[in-house]
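> Given next are the chains, with one letter for each unit.
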Amino acid sequence: MPLEIISTKEIIKEHFNDKDLNSIDLTLDEKIIKKRIEIDAKKCITCNICVEVCPLKIISSNIPSSPKINHEKCVYCFSCLEACPVEVISIKYLTGRIVKNYLIVNSHGKNEELIYNNKKCIMCLVCKKNCPFGAIYESEGKIKFDMKKCTLCGYCGYLCPSNAIDFKGPIK
Amino acid sequence: MASAIWYLYELTKKKFIKKFLNAKTDKEYTLPPKRYRKVPPTVVYPEKCISCGACEGSCPPFAIEMVYYDDYDKKIPKIDTGACISCGNCVESCPTKVLNIGNLIEETGSLPWNVPKYTNLIIDEELCVNCGSCKLACPVDVIEYNGITHVIDTNGCIGCKKCIEACPVEDAIKTYDEALLKSKIRLCYKLKFNRMIKEGENGDSVENKIPEIPRIVKSLCITCENCVDVCPGSIDLNNHRVVECIQCGDCIEVCPTGSMRIGGVPKISKIKDKCYIIYEDKCIGCRICYKSCNVEDAISISRETRLPYINPDKCVRCGLCFRECPVEAIGLTDNEDTLRIYNIRRAKDKFLSMIKEDLDEFSKKYVLSKSDLLKFSENKVEELLKNKIKINNK
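So the protein lines, in turn, are chains A and B.
The opening residue of the first sequence carries number 3 in this note's numbering; numbering runs sequentially from there.
The opening residue of the second sequence carries number 3 in this note's numbering; numbering runs sequentially from there.
Please keep in mind that the hints were generated in silico from the structure rather than gathered at the bench.
Hints may contain errors.
Said to hold, decoys possible - Quick list of simulated restraints, FRET-style, between CB atoms:
#1 B/265 / A/102: 53 to 61 Å
#2 A/33 / B/389: 14 to 22 Å
#3 B/360 / A/59: 55 to 63 Å
#4 B/360 / A/102: 19 to 27 Å
#5 A/171 / B/303: 55 to 63 Å
#6 A/102 / B/380: 13 to 21 Å
#7 B/388 / A/171: 19 to 27 Å
#8 B/303 / A/106: 46 to 54 Å
#9 B/335 / A/102: 50 to 58 Å
#10 B/389 / A/131: 33 to 41 Å
#11 B/303 / A/164: 38 to 46 Å
#12 A/146 / B/388: 35 to 43 Å
The beta-carbon is built from N, C-alpha and C at its ideal position, and this holds for glycine as well.
The following block holds chain B by itself, in its conformation from the complex (with noise of 0.2 Å):
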C-alpha cells in the first residue's frame, strides 16, 4: 500500500500531469494580464490641450495628426485607432495630461521619465543671443540659462518647436531625429571603410581638405563620438578639444548636430523687415538698453547725443532691449527708418572719432618733438655764447 502512494506521488510531479493540473479554461486564455493596454488613448481633457504637437512627435506609427476644432478654437490631437500600437508615448509625452491610455497616468504617477520623442532640440551657443525668448516660449520650462548660453534640458523636452518659432536668430535652435543619427553612423563607416583601402591602393593624400582645424562647440556635441570613431588623428571629447588633426574634414561630415566646426558663423535675424528703433525724444540716456544687449556692435553710444542706437544690420530683433527699456522708448518700426538714423549718428560718431585721433596723435607728436626742440636750442645756443665769448677774448 505504502509503494503504491509512492508511485502516485511521483507521477504527479511529472510534467504532463502537471498541464492537466495547471490547465486554463478558453476564458480564461482570452484575458489580457493586468497590465496588458489594448485600448487606444483617448483625448480626455480636450479644454487643457494647448497644441503643443508633442503627442504628435512621440508617435512611433504617427498614428496622430493635429487637427484643428471649431469648437476649441484649436487644434487638438485626432487618433488613428487603426494605426495605434498602444506604446503610450502620448501619454507619458503629454506635458498637461490631456491623454490617457487605460490607466497608465495612475499606474505611472509621479515616476520620473524621459519624455519619449523623435525629433530633439538643441542650442547653438555661437549663435544664441541670450534674449529669453525660447524660455518665455517654453511650455515646460525645460530651458535654462547657465551662465554662458541657454540650455534645453533634453530629457524633459517634448520637441514642439515653439522655441524655434520664438528665437529670433535663424538656425540657432537645431534639429536632429533618430534617422540623420542612424545616416550619420553610416556615412562614418563609409568614410572608415574608404580611407581603409585608398591607403592600400594610393597613397592619396586626405590631409588638409579644410583651411583649419575645427573646433568643438560645447553646447551642441551630444557625445555620440562619430567624430571620435572617423578621426585618424585624435579628439578629446571629455574637454571638448581637437588634440591631433590632419585637416581632412570628416569630422564636420559624420556631426549630426554641427558641433563641429570652421570658421565664424553670422548671426542672421529671421525679421528683416522691421527692426526696433530707439526714440531719442523719449530715451533718458540710462543705458540699460546698451547693456543688456547680448549681441556685439548692436547697439551703440552715439558720441555726439550720448544716447544709444541700433545697428539694424548686426540687431537680430530679439526683442530685450524692448522689454527691459524703463520708459518704452523702444519701438518697432521699419528696417529704413532704424537704418537712417543708423547711418547719420554712425557718419557723425565716425568724423568725431576720426578728428580725436588725429589731435591725439598730433598734440602727442607735438610734445615730444616740443621737448626735443627746446634741448636742442639750448644746446645751440649755449655753443653760441662760447664761441663769442672766445672770439671777444682773442
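Just chain A, same shape as in the assembly (with noise of 0.2 Å):
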C-alpha cells in the first residue's frame, strides 16, 4: 500500500490545456528518493552505543544530551538503527514516483536485495569512488560488489546518473 497518492492534474493542466487530460498519461521513470534521520533526545539513554557503531563516524556523542549525527554525510544504512537498545533512532524512508498523472509516495523500510542493471552502467566509477564501505570493485570491464562489505544503504543508487542500480526492500 503507497503511503499517499496524490494527484498532478494542476501542474499537468497548465501545459496541456488545450487537450483533455484522459488522453495524456505521464509517467516519469525518475524516483525521487528523501530520507530523514532523528534521533528522540526525550528517551535517548545517551549509551552512546550509536557513535561506536557508526561506520562513517559521523555521529558525535554530545553528553549529558543525545549524540549529534552529521545529517549530510549520512547514507541512511540503519547500523545505528539495529544497535540502539530503546529503539529512539528512526530512519524515514520515503520515495515518490509519477504514475499515470499521479504522485505515488511509498514509504520503505531497510534495503533488502541490490540490483544492479549490467546493460545502463555507462562504467562512470562513481559509486566506485563514493562508496562509503569500499565494497565495490571492478573487474573485467564491469562493476563488482563485495557483499561482505556492503551494507544495503543504497547510496550508490542514489549517485548513479543512468540508474544502473537499485535497491528492493519492503514497503511500510
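Fit the two chains together into the complex; they arrive one by one in their own frames, and the hints show the way.
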C-alpha cells in the first residue's frame, strides 16, 4: 500500500491546457528518494552505542544530551538503528514516482536486495569512488559488489547517473 | 561724275534690284535641296529582313504592311508609295538596315537616335519572373536585367512585340501609345474640372473610394505626372511614394501604364494545358532548378524523397528550370501528369509536417511539465517526510 497518492492534474493542465486530460498519461522514470534520520532526545539513554557502531563515524557524542548526527554525510545504512538498545533512532525512507498523472509516495524499510543492471551501466565509476564502505570494485570491465562489505545503504543507487543500481526493500 | 557713280551704287543696294541680281531660272527652282528626300524608301536587302515589323510600327501614315513572300519564306515590308511621306522613320527603326531612303543611312552614319515607334513596351516588375525569355527573344538586345527585374531600354526598343510573345506571364509586358497617353491626359483634365465644379455645388465626398492607399510600381512609371496632376494630396514621383492620400482612386484611372496599383496581381501563365515535370528517376537532387526558379512556391522540395516537385497552379511555364537542369530531368508534359505528382507529394508533405509539428509541440510541453512535476513531487515528499518525523517524535 502506498503511503500517499497525490494528483498532479493542475500542473498538467497548465501545460496541456487545450487537450483532454484523459488522453495524457504521464509516467516518469525518475524516482524521488528522500531520507531522514532522527534521534528522539527525550527517550535516548545516551549510551553512545550508536557513536561506536556508525561505520562512517558521523555520529558524535554530546554528553549529557543525546548524540548528534551529521545529516549531510549520513548514508542511512541502518547500523545505528539496529544497534540502539531502546530504539529511539528512526529513519524515514520515502520514494516518490509519477505514474499515470498521480504522484505515488511509498515508505520503505531497510533495503534487502541490490539490483545491478549491467546494460544501463556506463562505467563512470562514481559508485566506486563514493562507496562509504569500499564494497564496489571493478573487474573485467564490470562493476562488482563485495556483498560482505556492503550494508545495502543505497547511496550508490542515489548517485548513479544512469540508474543502473536499484534497491528493493519492503514497503511499510 | 563721281556723284553719278555714288547714285548707281546706292541704287544697287535696294531690294528690287537685288531680286534681279539673285533671280533663278525655271530649272533651278525645281531642283530639290540636298537633304530633301522625295523618293519613297526601298527594301534594299530583303534577305537580311528578320520580319520584326519595326518599320510597320514606326510609320506615321501606316503606309507599310508586312506581306508574306514565297521567295524569301518570310514576311517582308511592302511600302505603299502613294501614302509614304518620306519621313525616314522606317529606315531609322530598322534594326538590320534592310531599308533605305535616298542616302539616309550613309548620311546619318553612326549618329545615335531614338528609334521612332508608335507603341512603347514596358515590363511590370511585380509580374516579371526574371526568366530571361524576353532577353533571348529580343532582336535588338535592349532588354537587360538590373538586379531586380528586366528592363526595356525605351530608346533602343523597336516595338516589335517579340518579347510579349516570348513572355510566359500574361500581361507582364504592357504597351502604351500616343493615343492612350492623349486620352489619359484628357481624362485628367476632365476629372480635375469635375472636382472643382462639385466642390462648389455640393460637398460630395470623394474620399475612400478605394480600400487602401495605392502604391507606385517603379518599373512601370514613365513619369508622365498625370497622377501628380490629378491628386488632391501629394505624390513624390522621385522616390515613387504616395505622401498624402485621401483614397479617391483618380490616380489609378489616369495612369497610362497601370503603375498606380492596389491589391496584388496574380501571375497567370499563358500556357495552361501543358506544364513542366521533374522526372524523379533522372533527377540527381542538385536543386539548381529550385534555386533558379523565381516564382514563389512553384518548386518545392519533397520531405519524403528530398527531390523537387512543381506546383502546376503556381508555375508560369517560363522554362528557366528546364534550361538550367544539368541532367535534363525536366520535361514538358500534360498538365494532369504534373498535377497528379504534385498532389501526391503535397499530401505526403502536409502529413509529415503535421506529425512533426505535433511531436514538436508535445515534446516541448512534456519536457516543461516534467521538470515542473519533478519539482512538485520533490516538495511533496519532503513535506510528508517532515510530517512523519514530527508525528514519530511526539
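> State for each hint whether it applies.
Do the hints match the structure? See the list:
1. B/265 / A/102: 53 to 61 Å: 55 Å, holds
2. A/33 / B/389: 14 to 22 Å: 20 Å, holds
3. B/360 / A/59: 55 to 63 Å: 57 Å, holds
4. B/360 / A/102: 19 to 27 Å: 22 Å, holds
5. A/171 / B/303: 55 to 63 Å: 57 Å, holds
6. A/102 / B/380: 13 to 21 Å: Taking Cβ atoms as reference, residue 102 of chain A and residue 380 of chain B lie about 19 Å apart, which means the hint holds.
7. B/388 / A/171: 19 to 27 Å: Given range 19 to 27 Å: holds, Cβ gap about 21 Å.
8. B/303 / A/106: 46 to 54 Å: 48 Å, holds
9. B/335 / A/102: 50 to 58 Å: Distance hint for residue 335 of chain B, residue 102 of chain A holds at roughly 56 Å.
10. B/389 / A/131: 33 to 41 Å: 35 Å, holds
11. B/303 / A/164: 38 to 46 Å: At 40 Å between Cβs, range holds.
12. A/146 / B/388: 35 to 43 Å: 38 Å, holds
The structure is consistent with each of the numbered hints, conforming to all of them.
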